[in-house]
Amino acid sequence: MALSKLDNLYRQVILDHSEHPHHHGHLSDATNDIELRNPTCGDVLQLQIQMDDDDRIKDIAFSGSGCTISQASASMMTDAVLGKKAQEADDMVEVFSELIVGDKSVDTDVLGDAAVLEGVKQFPARIKCAMLAWKALHKALAADDHVAKVASLHARDPKEDNVNDRD
Amino acid sequence: MVKQLKTIKADFPILDQKVNDEQLVYLDNAATTQKPKAVVEALDHYYYHDNANVHRGVHTLAERATEQFEAARQKVADFINAGDKKNILFTRGTTQSLNWIAASYGEATIHEGDEIVISYMEHHSNLVPWQQLALRKKAVLKYIGMNEDGTLDMADAKKQITDKTKIVSIAHVSNVLGVVNPIKQLASIAHQHGAIMVGDGAQSVPHMPIDVQDLDVDFYAFSGHKMLGPTGIGVLYGKTSLLEAMPPIEFGGEMIDFVDLYESSWKELPWKFEAGTPDISGAIGLGAAIDYLSEIGMDQIEKHEQDIVNYVLPKLLAIDDLEIYGPKDPSKHTGVIAFNLKGLHPHDLATALDMEGVAVRAGHHCAQPLMKYLNVPATARASFYFYNDSNDADRLVDAILAAKEFFKHGTV
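As given, the protein sequences belong to chains A and B, one line each in that order. Just so you know, the first sequence maps onto residues 1 to 167 in UniProt numbering. Just so you know, the second sequence maps onto residues 1 to 412 in UniProt numbering.
I should point out that these hints are in silico values taken from the structure, not numbers from a laboratory. A portion of the hints provided could be inaccurate.
Said to hold, decoys possible - SDA-like cross-link-like pairs, simulated, lysine to any residue; straight-line CA separation at most 25 Å: (1) A:K5 <-> B:D21; (2) B:K404 <-> A:L3; (3) B:K404 <-> A:S4; (4) B:K328 <-> B:K404; (5) B:K85 <-> B:L61; (6) B:K342 <-> A:L3; (7) B:K328 <-> B:Y311; (8) A:K84 <-> A:D109; (9) B:K408 <-> A:D113; (10) B:K404 <-> A:A125; (11) B:K159 <-> B:H191; (12) B:K85 <-> B:D114; (13) B:K372 <-> A:G64; (14) B:K408 <-> A:R11; (15) B:K342 <-> B:G297; (16) B:K408 <-> A:S4; (17) B:K86 <-> B:Y120; (18) B:K332 <-> B:N375; (19) B:K342 <-> A:S65; (20) B:K342 <-> A:F123; (21) B:K408 <-> A:D109; (22) A:K5 <-> B:Q74; (23) A:K5 <-> B:A359; (24) A:K5 <-> B:R56; (25) A:K5 <-> B:Q23; (26) B:K342 <-> A:N8; (27) B:K408 <-> A:K84; (28) B:K404 <-> A:F123; (29) A:K5 <-> B:D321; (30) A:K5 <-> B:L24; (31) A:K5 <-> B:K86.
Could you build all of it, start to finish, from the sequences and the hints given here?
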């Protein structure tokens, strides 16, 4: 049956994250705040980060609306980067981006659950959904001058043009 | 009817393929339709035998290209009963047609405090040009509301259209709700108040007989690629007096009568608006598409699509947790059917349907204000054309049921 192929995309852990997302909500003490939209499908993602004095992600939360893949990816991303230094977190964006749209093999241990999103690779139309939260993280970190690797991230994803931020 | 609808799929080679190991069922016709062999062959023939620039050569190929390009214009004029081919301007598509009206007629006639009336169900292409014109001119953009079933609220239309209204612009058929709006009645109301009526025909011209003179619209816009034609060619119909009074939007070759160092004069209609080398092959391809549609007959096409809606809509409505937008009464619904499965984002649903070989659209359908009005972030949308049949409808229903089952259990 054709839908068996969907198992690669919708692994149980992805459905669990989507149904019960981690760090879903709002922060009262956010230091970084961003909203990203995917205008082709209507997805909206608000991401808030609270950085501590040591440049670590002390707390993180997301909200908005989106498909199973974008919600699960956001949930997994927040799990993975909580407690990480800004530069470490941004390096993880690179690793995730390479996993989903790149052609190099990468060590995905650092990504935690998010590594299972590799299956998205076989569904090119859904890559944007998986990338949304990670792009938001990258932009939120860059906005605070923590890192500036925008160009390299963009160069790898031809679909980047379709993801706009509203700030 | 010369062509048999039953055997028509054979004219569309693209439909005979498997995607994701399943026989393709193409239900994204509101986005773009597939092309019959006759259209592709017309493009082939033009480029292999007759290619030249139009209206400017004395050689034989230039003569042939010009003759075929202008014959295509005549076919369009006849197809929508425009009266005369000078009322048919070739554009890039519906979007450009509507932008031209806003940029030329709108720019010249709209002043501060004037009203432009549209509706909540407009495609962005019939919304943003008016919104931006209103912003530039400090004019007032007004929206006609909808009834509960998604049909246009005509009582509200009578309230919104006033003596201050200069332009009323409404989709003839909604690209999301599948409703047919009463353009003729709206034109009559607009005219009583001294306003002009613009019809967005992107989703109507491909699917039903259209008579622009009977509708009494002042402008009417549509696209070639949604009616079997190539991408890149569209049409703007306008009444003679309006087109004659309107200034050109673009300047250059093709549209001039005489050019002096410090002033120029324009060609007569329709060429005064068509600056530069036009999409010659696109127009010829559109002409071939019109021949093909005419051979079947637009009455037959409308009836066949209505039969499919009568067949599939009750089946869709019978699926628990499937929300259908627009009228539930098949007689009020065209072959554009938007839906959502409760608890599942339309993107996930569309991916599942794609794995079953069923191509549908998912997203906001270039109608964000309508999505807001419906209070949904996005929907899935199946849109039928005359080459679809009840088997395609069954495949859609089965695929939705399979997707529902998959996401309920997390596996198959």
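Do the alpha carbons of K342 (chain B) and L3 (chain A) lie within 25 Å of each other, as the hint requires?
OK: K342 (chain B) and L3 (chain A) at ~19 Å, within 25 Å.
25 Å limit on alpha-carbon distance, applied to hinted pair K85 (chain B) and L61 (chain B)
22 Å, holds
For K408 (chain B) and S4 (chain A), compute the direct alpha-carbon distance and say whether it is at most 25 Å.
14 Å, holds
Pairwise hint evaluation, F123 (chain A) against K342 (chain B), where the allowed Cα distance is 25 Å at most:
Measuring from Cα to Cα gives roughly 23 Å; hence the hint holds.
Next pair to validate is K5 (chain A) with K86 (chain B); report whether the Cα-Cα distance is within 25 Å.
Violated. K5 (chain A) to K86 (chain B) sits at ~54 Å, over the 25 Å cutoff.
Holds or violated: are the alpha carbons of K408 (chain B) and D109 (chain A) at most 25 Å from each other?
30 Å, violated
K332 (chain B) and N375 (chain B) were given as a pair; does the straight-line alpha-carbon distance stay at or below 25 Å?
The given pair, whose Cα atoms are some 22 Å apart, holds under the 25 Å limit.
Regarding the pair K86 (chain B) and Y120 (chain B), is the alpha-carbon distance no greater than 25 Å?
33 Å, violated
Is the hinted pair K5 (chain A) and R56 (chain B) satisfied, with a Cα-Cα distance of at most 25 Å?
57 Å, violated
Given the hinted pair K5 (chain A) and Q23 (chain B), is their alpha-carbon gap at most 25 Å?
Answer holds: K5 (chain A) to Q23 (chain B) is near 16 Å, not above 25 Å.
Could you grab the alpha-carbon distance between K342 (chain B) and G297 (chain B) and see if it respects the 25 Å cut-off?
39 Å, violated
What's the verdict on K342 (chain B) and N8 (chain A), does the C-alpha distance respect the 25 Å limit or exceed it?
Holds, at roughly 23 Å.
When held up to the earlier numbered hints, the structure conflicts with 12, 15, 17, 21, 22, 24, 27, 31 and fits the remainder.
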